Each structure stands twice: as C-alpha cells, then as structure tokens.
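**Student:** Protein chains in written order, with the working numbering: chain L, 1 to 239; chain U, 240 to 541.
If you are wondering where the hints come from, they were derived from the structure by calculation, not from laboratory data.
Just so we're clear, the structure is a prediction, and the values are computed from it rather than from any experiment.
Even for Gly, the Cβ is constructed at its ideal location relative to N, Cα and C.
Be aware that a few hints might be false.
Cβ pair distances, simulated, as ranges [unchecked claim]: (1) U:E315 to L:N86: 25 to 35 Å; (2) U:D351 to L:Y11: 25 to 35 Å; (3) U:R465 to L:A182: 49 to 59 Å.
Just a few of them, taken from the derived set where beta-carbon distance is under 7 Å, the chain U residues facing chain L [said to hold, decoys possible]: (4) G278; (5) Y354; (6) G377; (7) Y494; (8) Q512.
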Amino acid sequence: MISITNLRKSYKSKTDKSFVLDIRELTIQRGEYVSIIGPDGSGKSTLIKIICGISPFESGKVCIAGYKLPEEFIKARLKIGYLSQNYTLYKNLTVYENMDYFASLFGIGGKKEKILNLLELVGLLDFKDRLSKDLSGGMKQKLSIACALIRSPEVLVLDEPTTGVDPRSRREIFSIIEEKVAQRMTVIFSTSYMDEAERAERVIIMNNGEILRDFKTENILNNNIYKSIEQFYTHIIEK
Amino acid sequence: MEIISVKSLTKRFGNFTAVDNISFGLKPLTINGFLGPNGAGKTTTIKMICGLLRPDEGSIFIENIDVIENPEKAREKMGYMSQNFSLYPDLTARENILFFADLYKIKKSERDNRYAELTDELNLHEYQNTLTSDLPLGIRQRVALASAVIHHPVLLFLDEPTSGVDPISRMKFFDFIRKYINSHKATAIVSTHFLTEAAHCNEIFLFNRGKIILSGQPAEIIQNFRYNIFETKTSLLTGEIKNILNNSEGIIEFYIFGKRVRIITEEDIDIQQISVRTGIDISNISVVAPSFEDVFISLTND
Ligand SMILES: Nc1ncnc2c1ncn2[C@@H]1O[C@H](COP(=O)(O)OP(=O)(O)OP(=O)(O)O)[C@@H](O)[C@H]1O
Ligand SMILES: [Mg+2]
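Generate coordinates for the entire structure from the input sequences, incorporating the hints supplied.
**Tutor:** Shown next, in the form of structure tokens:
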C-alpha cells in the first residue's frame, strides 16, 4: 500500500542543527495497523506529510496505493485520509456544520446519520450546535478526528490524533479507528501516548530523521524482557 | 498560608455553565495538577484566575490582591502558557522568547543571562534560529514555556504544557518546573491529560462538568481508592466477554491500555470471580496496583 525507498528530505540552517529525513526502505501492506513514535523533532510529522503528498522531498521513490508521488498526487489523494496536527476547522461554523461541510466535500452518502453517530461516539452530540471556536481544546481535536473518520479511505494517516484528548475519549477514538482496521483499512498514526502506540500491530520508532526500530508489537512483548512498549522505548531512546 | 484562594467561582456562556460554583485554595511552592475530561472547565478556570476572563460569580484572591478588581496588578506576578499557545509564527524561537522579555521591560544584560540559562535548561540550542512555525510541536512547547517564565513570575499557569511532547521530554518538563518553583519560590497550576504526571504534583484537582469532584495529594488519592484492578490481555477480549463485563454486577468499568485490558471492580470481587465470570483462565489475569488513570476513569463515568 505504501512503499518508500531511499527517501531524503532536509531542512538546512546556517546556525541551527540541520534536519535530514533519511529513509532507505519502508513498506506498509494493505490492512496494516502501524504506530510511529519518537522524540520531539525526530521526523514523525515530516514522514507523515510526505506519505500524504503534502510535503515535497528531494530524492527517493514514494508510492501510495499504486500511485507515484509527487507526479500522481491528485489520484493518490483520493485514497488517503489525513488528519494534520493543527486543527482545520471552520471557526464560525457549528460542530454539525463543520462535519456536514466535510462530508459534502467527499460526497459521503447518508451523511446525517453518520455524522450524528460519530458525534455521539466522540462525545460531542450535546454540543452539535456550538460554534467550533467556542469548543475547549480537546473538543476541537475530537471534532477534527470525527471529520477525518467520516470517510473510508484506503489509507488513513493520523498525526497525533489524540493530543489534548482526555483518557476516556481517546479510547473511544481508538475503538473507532480499530473498527476501520478490522475492515482492512490501512491505518498509520503517530502518538506521544505509549499505550496507544502499543495497540498497533507494528511500531516504528524514529530518531534523528531515521527509522531506529521497526517491529511487530507482539515480538517485543512476547520475549518477556519488556512489559510494555513504553519500557522498550525509554530503554532504547535513553541509550 | 494560601497563595491563591478561589471561592464560589462560576462562569456561564449563555445558559451553559462552564464552571459551576467551585472553591479551592493553593499552598505556596506547590505544583497543582488540573485534571478532567475535555470541556470540564480547566482552561476557563485558569483564564479567570489569570484575570483574562471575568467570572459571573465568586471571588479570586492572590495573597491579598483581588484579581477581579485588580487584574493588572495580579498579572505582574504571573506567567501563562495557554493551551493553543501564542507564539509568533514569523519569529524565530529566540526572537519569540526575547519578545516576551522585552514586554516585561527586563534589562538587556539580565535578559541575555536569563535567555542563556533557559536555552540551556530546556535544551533549545539547536532550535534558536528556526521560525517557530517550522518547529516540531514538542519543541514549540518548550519555547512557549521559556516565553512564559523569562520574566521570573512567581505564579505559573501552564495549560497542557506537555500535550504532544514525547515521554522522555515530559519527565524533563516536570524536573524543570520543580526546579523553577524551588529557586523562585513559585507556585504552579499545570493541566494535563497524561495521568502519570499526577504523581509529579503536590496536589491534584479533578474537574468534571464544571465542578471539582476530587482533590488531594496524589499518594493519598491512590491510597483511598477503594476499587480492585485486574489486568488481562486484549487478545482475550471477545465481544462476548465485553458484554459480560458491561453487564456484570460489581464491575465498575474496563478499558484498554496498550495490549492489556484493565478491569475496575468493587472491593469484594476477587480474581477467581473475574475468571469464572469471563471464562478467562486465571493464569491470564493479574491483580495490579491502581493508577491515576483508573481513578480518573472510574470517577468520570456517567
Ligand atoms: N466563549 C465560549 N462560548 C461558549 N462556550 C464556551 C466558551 N468558552 C468555553 N466554552 C465551553 O465551556 C466548557 C469548558 O471549556 P474549557 O476550555 O474550560 O474546558 P477544559 O477543561 O479546558 O477542556 P480541555 O481538556 O478540552 O482543554 C466547554 O464546554 C466549552 O465549549
Ligand atoms: Mg483546556
């Protein structure tokens, strides 16, 4: 579903440390459920933006759902659902109107029922007529996620979907995400919650613009050295 | 004794009550954790204490300053890091931090000293000349924190400073705050959704629907927690078992934590009963110590 070879992208700076994203090889199959974790500035969002075709790169081959980036971006785009780290809500539309607008953009059928259902799941149904600018931080994030989840793209890419979301709601959100996984959707997300990262079947740890580790979650947990992905992460990053 | 005292504070937006008659006092030199579901009223409360939002009812005193009457006077003592923090995207990290220093009219030599110290402590060296809009979220949070403390406030209001920050840097954040509090004789309010951070606080306040439903020292809260916690693997959690857990007497709640399921039950339920009811072999169930997340989840269900 996703294949990347010899990808390079850099941000140069005269005075600051330059950043180079350097990925020799990354393949993600259809239906995989993958989390990306790593220190601040390790390149998680940069990689995600490249996969979603919204960030240019200097060299390398990036293929999404059979389309080559950047040339076939327009076609690839229709296959990908992307939730960015910054909210992209219309401040002066209500919660419901934001979702309705988003659903119309992608020509979603039977949208009213779907919208109400998703709002209920993320706990925003009581606030459906509130302007999005009047929502609390976490409520805005929940609305953005609900907008991203109304579609059923082949690949869903979520950049820190639960930043600022409370403990109960972030689990509701992951249960919706996992329903999509059960329907064989390919799901890739970054997170700073290690328990969320552990829910995925495969974990990618990034560091300094490179993939430091890439493994099946079960393989780490089953060897009985590490009780959790958090322990494993802390162990290898602190080294 | 109390540095901040809040009495019967209420804030309504139209006919919605965001903060509903809350009272509390904060002791000096403490870190106070504000926890609670989205929309519970944490940010609204912080904004009122900072004098940025006028309450409908109640009083707020900082030592003997009436914040509602004299917001300017109180604000000199404050550093506020807002949830969607206000960095200038077109300025570099360095320019942003210095901008705040100049706002508070800090002398240049002193300003440069403080700047050097903060870049050191928050590990910002390699990002100083990058536009803040180009910085990763976790780094932007550090710049915002530096901007909020450059004028050495004795009251720190940090609204979700660690959201989007990786686990190792999150620890360092709290080390920084603790050190700051000790060296500047300061007091902090910190809101967070990472419940493990409750352990770094002296006192925690759990908000729910505009009210404070629980407060106290973290250790005391865990000690007084009267429920049992069991853990099993998510791979064993079938739809059928979910049903049983949802409808079983004495089971308060269950939730997923990584590849494990945590089951919160009344005190009189033991591992044997969990095994019998769910049909999960006892070797796959363990009794575990309660966490702040368990406390949160069990108290905010409704
Ligand atoms: N200007 C406003 N108009 C209407 N409602 C508002 C306004 N500001 C806040 N609210 C509402 O007040 C409630 C409390 O919001 P607040 O931002 O204090 O929550 P919070 O506890 O900080 O949540 P989060 O964890 O998501 O940051 C929410 O329901 C929010 O939508
Ligand atoms: Mg808030």
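**Student:** Now look at each hint and say whether the structure bears it out.
**Tutor:** Results of checking the hints against the structure:
| no. | hint | in the structure |
| --- | --- | --- |
| 1 | U:E315 to L:N86: 25 to 35 Å | 32 Å, holds |
| 2 | U:D351 to L:Y11: 25 to 35 Å | 27 Å, holds |
| 3 | U:R465 to L:A182: 49 to 59 Å | 36 Å, violated |
| 4 | G278 | 5 Å, holds |
| 5 | Y354 | 15 Å, violated |
| 6 | G377 | 3 Å, holds |
| 7 | Y494 | 6 Å, holds |
| 8 | Q512 | 24 Å, violated |
Hint check: violations occur at hints 3, 5, 8; the rest are consistent with the structure.
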